[in-house]
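Protein chains: 2
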Amino acid sequence: MEALKEYDYPGPIYPVNPKYEGEEIQGVKVYGSISSLPDDIPIDLGIIAVPAKFTPQIVEELGDKGALFAHIFSSGYSELGEEGKLLEQQLLEKAKKTHIRILGPNCMGIYNPKSRIGFSHRLPMVNGPVAFISQSGGNAHRVAFAGIMKGYYFSKIVSLGNQIDIDLVDFLNYFRSDPDTEVISMYIENLKRSGNEFVQQLKETTKEKPVIIWKGGKLEAGNSAVKSHTGGLAGNIKLWESMASQTGVILVNNFKELIEMIQTYIYCKIPNNLDTALITGGGGPAVELTDECEAFGLKVPKITEKAQNMIKEFIPEVNSILSNPFEFGANGGPENIAKVMRILDKETHISSIMITYNPEWYPSEDLNLEEIVKNFAKSISPDSKKNIISLHNSSRARKESIDIINEFYSKTLENGIIVYDSAQAAAKCIHRLWSYGNYLKNRI
Amino acid sequence: MEALKEYDYPGPIYPVNPKYEGEEIQGVKVYGSISSLPDDIPIDLGIIAVPAKFTPQIVEELGDKGALFAHIFSSGYSELGEEGKLLEQQLLEKAKKTHIRILGPNCMGIYNPKSRIGFSHRLPMVNGPVAFISQSGGNAHRVAFAGIMKGYYFSKIVSLGNQIDIDLVDFLNYFRSDPDTEVISMYIENLKRSGNEFVQQLKETTKEKPVIIWKGGKLEAGNSAVKSHTGGLAGNIKLWESMASQTGVILVNNFKELIEMIQTYIYCKIPNNLDTALITGGGGPAVELTDECEAFGLKVPKITEKAQNMIKEFIPEVNSILSNPFEFGANGGPENIAKVMRILDKETHISSIMITYNPEWYPSEDLNLEEIVKNFAKSISPDSKKNIISLHNSSRARKESIDIINEFYSKTLENGIIVYDSAQAAAKCIHRLWSYGNYLKNRI
Chain B
1 MEALKEYDYP GPIYPVNPKY EGEEIQGVKV YGSISSLPDD IPIDLGIIAV PAKFTPQIVE
61 ELGDKGALFA HIFSSGYSEL GEEGKLLEQQ LLEKAKKTHI RILGPNCMGI YNPKSRIGFS
121 HRLPMVNGPV AFISQSGGNA HRVAFAGIMK GYYFSKIVSL GNQIDIDLVD FLNYFRSDPD
181 TEVISMYIEN LKRSGNEFVQ QLKETTKEKP VIIWKGGKLE AGNSAVKSHT GGLAGNIKLW
241 ESMASQTGVI LVNNFKELIE MIQTYIYCKI PNNLDTALIT GGGGPAVELT DECEAFGLKV
301 PKITEKAQNM IKEFIPEVNS ILSNPFEFGA NGGPENIAKV MRILDKETHI SSIMITYNPE
361 WYPSEDLNLE EIVKNFAKSI SPDSKKNIIS LHNSSRARKE SIDIINEFYS KTLENGIIVY
421 DSAQAAAKCI HRLWSYGNYL KNRI
Chain A
1 MEALKEYDYP GPIYPVNPKY EGEEIQGVKV YGSISSLPDD IPIDLGIIAV PAKFTPQIVE
61 ELGDKGALFA HIFSSGYSEL GEEGKLLEQQ LLEKAKKTHI RILGPNCMGI YNPKSRIGFS
121 HRLPMVNGPV AFISQSGGNA HRVAFAGIMK GYYFSKIVSL GNQIDIDLVD FLNYFRSDPD
181 TEVISMYIEN LKRSGNEFVQ QLKETTKEKP VIIWKGGKLE AGNSAVKSHT GGLAGNIKLW
241 ESMASQTGVI LVNNFKELIE MIQTYIYCKI PNNLDTALIT GGGGPAVELT DECEAFGLKV
301 PKITEKAQNM IKEFIPEVNS ILSNPFEFGA NGGPENIAKV MRILDKETHI SSIMITYNPE
361 WYPSEDLNLE EIVKNFAKSI SPDSKKNIIS LHNSSRARKE SIDIINEFYS KTLENGIIVY
421 DSAQAAAKCI HRLWSYGNYL KNRI
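Protein chains in written order, with our numbering: chain B, 1 to 444; chain A, 1 to 444.
Chain B extracted, bound-state conformation:
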């Protein structure tokens, strides 16, 4: 109730609770039972948050009243054992009988900023191109807040729970044709339908929109944790890997990789190849970034002699590395970085330009981040097929630097430049995006 009020949900809300019958909650009249609700109201969604044992009855009453959907927030079902499984069967029977569809149980429900519904407080009521389907309410929350930091918003987020009726394949199909959704992302612990059907639907989807899947419960103990969490069997991660390569699905390993991969699809063009130019400060860091890029599948080829000579015209060779990776010693200011990027933009074999720039190391009153970042963005031509990638790895531990760092992050994203916290993160994402591009090119 509080969240719906917080978001100014525009439709009517009917709280039902026998204990408060006739009273008001947040200015809305409380009903004592579902049957006592007015007969002529069309109920789109019933949200059920009562102990599990009472839910079959509530579902039946909602269905009898003509409600279309029930979201069951309550937990205490198959994730706890046999008794809970029986309750789930009862829920399904009541739902079939009364033609109501169930989301859950054991889930947070729906976040839909366009409809002004959210499952928690302080979620941004801003539409974006990302759909997220989650078998964890916790991850459904985390992703919404992480998106703000990464510069994107969601069309819808749905927390699936035990999927006794509506399942992730239903949502996959829905988001495939949802005009508000450009990227579909998921946290999955286990499937309720046959793998073949899922594979078929994934193939239909990935040719239109990328599908990013984080599979939870990969090995032995992870599998067992899934059982305690949502009552399902997690299945072998090898199967998921093979499924991903057949369907063009982008598989990621954890929350961090998920939010970075979504960001990558939104901010980057699909690269033609893996060739990367690296511009950084310090010889050791140049070696490290090169190692990390290579370890995760990118290539760091030399640039042409011609381009090297152009760079030598304004950067002295002593204490510099000038063939890729690039390191300019004391000459590594933002103007020279932008100048080198303009030269690299003409190097046709390079598809990503990675730069490290940590503005908080040089705080000054003259620091014009707006101008510096715009200069970076303008250093490649508007029709360039290259991606500019910013690496920023300073800790935000020093309170004095937070404002500079946060301003740098937002300016960078506003100017269409993606920021990662490590070369490893960048390399994994760019490699995965390239693989998806390859899949699209090679599918029949």
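Mixed in with the good hints there might be a few duds.
The list treats identical chains as one, so a pair stands whether inside a single copy or across any two.
Lysine-lysine pairs mimicking DSSO-like chemistry, simulated, CA-CA at most 27 Å apart [said to hold, decoys possible]:
{"#": "1", "residue 1": "K312", "residue 2": "K227"}
{"#": "2", "residue 1": "K411", "residue 2": "K399"}
{"#": "3", "residue 1": "K399", "residue 2": "K374"}
{"#": "4", "residue 1": "K346", "residue 2": "K227"}
{"#": "5", "residue 1": "K302", "residue 2": "K85"}
{"#": "6", "residue 1": "K85", "residue 2": "K227"}
{"#": "7", "residue 1": "K256", "residue 2": "K399"}
{"#": "8", "residue 1": "K256", "residue 2": "K299"}
{"#": "9", "residue 1": "K302", "residue 2": "K238"}
No lab work stands behind these hints: they were computed from the structure.
Given chain B, put chain A in place with the hints provided.
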């Protein structure tokens, strides 16, 4: 000069520069040449920062004056090509002739808080148990500052540069018998001596002190970046891996892994096995942490029935996971975490207890971090062989949370509890520490 003054270096300093002869720099008289220095002064160290081509002459003059060591800051030697190699040969000839030893060239020199010498500004003048030998001046800097964040300090840090005379094996041998050093860490790009000699010295060292090596320049482009950086050939990473397993060296992949591994040795007991208990908030995160631990070699076994029953006495089963990983839904406050840890301390097969606690999510005036963290620390007995590991992964983007997060970090470390930013980071480190323990047990 500025840095030596900043650190109140207690010995006499003699600036030499013909341009400022007779003048004063920071209150110290400047000499016009080395030969014009007083004859009776014992010179411990000459720091040379003039263009490369003048350095052989300066080294000779210093040697003639009886100086013991010269640190050559200047760059422009073998890292640039043939001409630079010739210069290095000249340096060596002059050094042999005059019995002076050379550190560098192309390096930052020495940081030694006990002697109040540092190669840069604002370095902490605090002694600690860690030695770091670095073939990158940039990494030598980074590690000193990162140590502050991770709760440890250094005995000495040395930036090696091109190692034409004193090399990393010399420093390895020195630190083996240095009473101020308990852990030896390195950033290495290439060896100057035979691999066999290095292996022999490593074996001698690891039985007394752990040696943590970050090898830079692993694959093709990384190798080539090393050549531009320090003029050496990086060599095959497979050789380094096999060398590490023969010698008990702890090999890490990047800067982050290096500083976390040092911290792990300092804050953790060497674990007897890989069995880990995980306490976290949220079912999805519980699955994720378990996956990450397993992916990087740890195990997450069930606890005994007895312990499970003890936990059930104060935490209800609905919406909880109670057998490992642990997740307590709304009952996951710090008191219950500490209570469960006390029960886990009696589970003999578990050697690590990992907890996630993010105090900035529950800011309040009553939040007594001191007490909470002390409670965590006291939840295992003083003679327990278990490690408590704290995972804290919130971003510090919100300025309002910085103080809480920083207080939590320092309180945690002060109470001897290590903090990592992810289960992946923790799992890698604990696994590596266990491997080192295994090496020590199994060596003849």
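Here is how each hint holds up against the structure:
For the homomeric pair K312 and K227, the shortest alpha-carbon distance between copies (18 Å) is at most 27 Å, but the shortest distance inside one copy (61 Å) is not. Taking the shortest Cα distances, K411 and K399 sit within 27 Å of each other both inside one copy (19 Å) and across copies (18 Å). For the identical chains of this complex, K399 and K374 are neighbours both inside a copy (26 Å) and across copies (25 Å), given an alpha-carbon limit of 27 Å. For the homomeric pair K346 and K227, the shortest alpha-carbon distance between copies (26 Å) is at most 27 Å, but the shortest distance inside one copy (54 Å) is not.
When the C-alpha separation of K302 and K85 is checked against a cutoff of 27 Å, the pair qualifies only between copies, where the shortest distance is 23 Å, while the shortest distance within a copy is 61 Å. Taking identical chains as interchangeable, the C-alpha atoms of K85 and K227 lie at most 27 Å apart only when both belong to the same chain, with a minimum of 13 Å there against 64 Å between chains. Within a single copy, K256 and K399 get their C-alpha atoms as close as 24 Å, and across copies as close as 21 Å, so both meet the 27 Å cut-off. Taking identical chains as interchangeable, the C-alpha atoms of K256 and K299 lie at most 27 Å apart whether they share a chain (23 Å) or sit on different chains (22 Å).
For the identical chains of this complex, K302 and K238 are inter-copy neighbours only, at 24 Å across copies versus 36 Å inside a copy, given an alpha-carbon limit of 27 Å.
Going through the hint list in order, the structure satisfies each hint without exception.
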